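J.: Please model the entire structure based on the sequences and the hints provided.
Chains A and B are the protein sequences, given in the same order.
Under the numbering used here, the first residue of the first sequence carries the number 1, and numbering increases by one thereafter.
Under the numbering used here, the first residue of the second sequence carries the number 1, and numbering increases by one thereafter.
I should point out that these hints are in silico values taken from the structure, not numbers from a laboratory.
Please note that a few of the clues may not be correct.
If you want a taste of the chain B side facing chain A, the calculated C-beta under 8 Å gives, among others [claimed, not checked]:
#, residue
1, F65
2, F66
3, S95
4, Y101
5, Q103
6, P107
Some chain B residues flagged as far from chain A (calculated, every beta-carbon gap over 12 Å) [as the list claims (entries may be wrong)]:
#, residue
7, V12
8, R15
9, D18
10, S62
11, P70
12, G72
13, T76
14, K78
15, R81
16, Q83
17, T114
Here are a few chain B residues that face chain A, going by a calculated C-beta distance under 10 Å [claimed, not checked]:
#, residue
18, Q50
19, S58
20, P98
Since this is a predicted model, take the numbers as computed values, not measurements.
Cβ coordinates follow ideal geometry from the N, Cα and C atoms, glycine included.
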Amino acid sequence: AQSVTQLGSHVSVSEGALVLLRCNYSSSVPPYLFWYVQYPNQGLQLLLKYTSAATLVKGINGFEAEFKKSETSFHLTKPSAHMSDAAEYFCAVSDSPGNQFYFGTGTSLTVIP
Amino acid sequence: GAGVSQSPRYKVAKRGQDVALRCDPISGHVSLFWYQQALGQGPEFLTYFQNEAQLDKSGLPSDRFFAERPEGSVSTLKIQRTQQEDSAVYLCASSEGPNSYEQYFGPGTRLTVT
Chain A
1 AQSVTQLGSH
11 VSVSEGALVL
21 LRCNYSSSVP
31 PYLFWYVQYP
41 NQGLQLLLKY
51 TSAATLVKGI
61 NGFEAEFKKS
71 ETSFHLTKPS
81 AHMSDAAEYF
91 CAVSDSPGNQ
101 FYFGTGTSLT
111 VIP
Chain B
1 GAGVSQSPRY
11 KVAKRGQDVA
21 LRCDPISGHV
31 SLFWYQQALG
41 QGPEFLTYFQ
51 NEAQLDKSGL
61 PSDRFFAERP
71 EGSVSTLKIQ
81 RTQQEDSAVY
91 LCASSEGPNS
101 YEQYFGPGTR
111 LTVT
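T.: What follows is the structure, encoded as structure tokens:
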């Protein structure tokens, strides 16, 4: 069975500061991992994905995430927060292409000017 | 190109009413998923179609929920005799096919049952 834990339902950072959103997963098979962003009243937009290639994955809008098998983690980072980064972020895991996603409960990111 | 679209965007139903939620996937996408997102939660899987075949409906919470995709394109999620606990955002996602990693999400339908 697959599951995702996102530590911290709310994260606040100052504009220009490092963004770190945590995601730990549980999977009985090698996982496929995803980060999505959701702006108010909008659907989910894919930020980046890990599909068993490079462990450091770069995504859109300056975000990146590192797959660490030993820690079962896939934390999302961005060196310098921008006001437009304020949104809800979801980590998701799947056990194979074409299968359902299992989502975490989300982390709401606030960027303080 | 056009993304996944869903209609209506907002639906208010009185308890006991039936509702139908529509999803238009990206053209040519074989796979289609429905998810339910309760307030403050992450999306949870409801059901999956490959073309017109419903291959997995293990996430449907009760027999009041029914989904179809008769021509392998547009899909409809129907909820009969709505209950307050059905209030949620219903998200539809499509992907190119069973070997595709990415799912593309629509904006969702926010259902409020009063």
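J.: Look at each hint and say if it fits the structure.
T.: A quick look at each hint next to the structure:
1. F65: violated, 16 Å
2. F66: violated, 18 Å
3. S95: holds, 7 Å
4. Y101: holds, 5 Å
5. Q103: holds, 6 Å
6. P107: Holds, about 4 Å.
7. V12: Nearest chain A Cβ is 16 Å from B/V12, so the label holds.
8. R15: Answer for B/R15: holds, closest chain A Cβ roughly 24 Å.
9. D18: Given that every Cβ of chain A is farther than 12 Å from that of B/D18, nearest at about 25 Å, it holds.
10. S62: holds, 18 Å
11. P70: Fine: 21 Å to the nearest Cβ keeps B/P70 off the interface.
12. G72: Given a closest Cβ separation of 15 Å, the condition holds.
13. T76: Label holds. Min Cβ-Cβ 18 Å, cutoff 12 Å.
14. K78: holds, 20 Å
15. R81: holds, 26 Å
16. Q83: With a cut-off of 12 Å, B/Q83 remains clear of chain A, as the shortest Cβ separation is near 23 Å.
17. T114: Its Cβ never comes within 12 Å of chain A, the nearest being 20 Å, so this holds.
18. Q50: holds, 8 Å
19. S58: For B/S58, the interface hint holds, since the closest Cβ of chain A sits about 9 Å away, which is under 10 Å.
20. P98: Constraint on B/P98 satisfied, holds at 4 Å.
The structure does not agree with the numbered hints 1 and 2 stated previously, though it agrees with the rest.
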